[in-house]
Amino acid sequence: AQSVTQLGSHVSVSEGALVLLRCNYSSSVPPYLFWYVQYPNQGLQLLLKYTSAATLVKGINGFEAEFKKSETSFHLTKPSAHMSDAAEYFCAVSAMDSSYKLIFGSGTRLLVRP
Amino acid sequence: EPEVTQTPSHQVTQMGQEVILRCVPISNHLYFYWYRQILGQKVEFLVSFYNNEISEKSEIFDDQFSVERPDGSNFTLKIRSTKLEDSAMYFCASRSTGGQGYTFGSGTRLTVV
Chain A
1 AQSVTQLGSH VSVSEGALVL LRCNYSSSVP PYLFWYVQYP NQGLQLLLKY TSAATLVKGI
61 NGFEAEFKKS ETSFHLTKPS AHMSDAAEYF CAVSAMDSSY KLIFGSGTRL LVRP
Chain B
1 EPEVTQTPSH QVTQMGQEVI LRCVPISNHL YFYWYRQILG QKVEFLVSFY NNEISEKSEI
61 FDDQFSVERP DGSNFTLKIR STKLEDSAMY FCASRSTGGQ GYTFGSGTRL TVV
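Chains A and B supply the protein sequences, listed in that same order. Under the working numbering, the first sequence is numbered contiguously, ending at residue 114. Under the working numbering, the second sequence is numbered contiguously, ending at residue 113.
Keep in mind that the hints were calculated from the coordinates and are not lab data. Owing to the predicted nature of the structure, the values given are computational and were not obtained by experimental measurement. Yeah, the Cβ is synthetic: ideal placement off N, Cα and C, and Gly gets one too. This list has only true hints and no planted wrong ones.
Chain B is faced by these chain A residues, among others (derived, beta-carbon under 8 Å): (1) PHE90; (2) LYS101; (3) LEU102; (4) SER106; (5) GLY107.
If we strip away everything but chain A, and leave its shape as in the complex, we get (with noise of 0.2 Å):
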């Protein structure tokens, strides 16, 4: 069965800084990988996905992530953490059964500051 692990629930960076945020995975094959985004009070945004095409994926707002298969992870970076990037993100896996569900992390929020 697929899982998956965010380590850190709470992340905080300077504004200008580094953004990292980690996900490791478990799946039996190859996954659908996908990083959401969730603002205070509002819905679930895609930021990317994977999809076994390129392993460095980019997605909006500037962010993007490698697929690392030895490593089992998905994590997801930006160069520059900027102040609207402060919410809730989500990694999650694409069972890869009939329903193709996703399966979420338990989240990391990210704080920035000024």
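Given the coordinates of chain A, assemble chain B onto it according to the supplied hints.
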């Protein structure tokens, strides 16, 4: 860009009452889902629906829950006899074939008092 539309955005209901949460998936999508997010927690899968029947449901989706696609456009989640612990954000999602093309709605915040 096509959207998944959920109504209402907020609903307050008394414990024991029935609620129906409504969703209009993307028109050419074939797979439909409901997820739940209790405040401050992660998003949890409730149920998937394909070809007019449930294809998978989680342990959370017990007999008080039901889903229906009453016409060609709406997809509903009914909660019978709501409990305080049903208070959460409920997200509808739809996708085309394959596991890639997921689209989420903006959610319905359900508060049971």
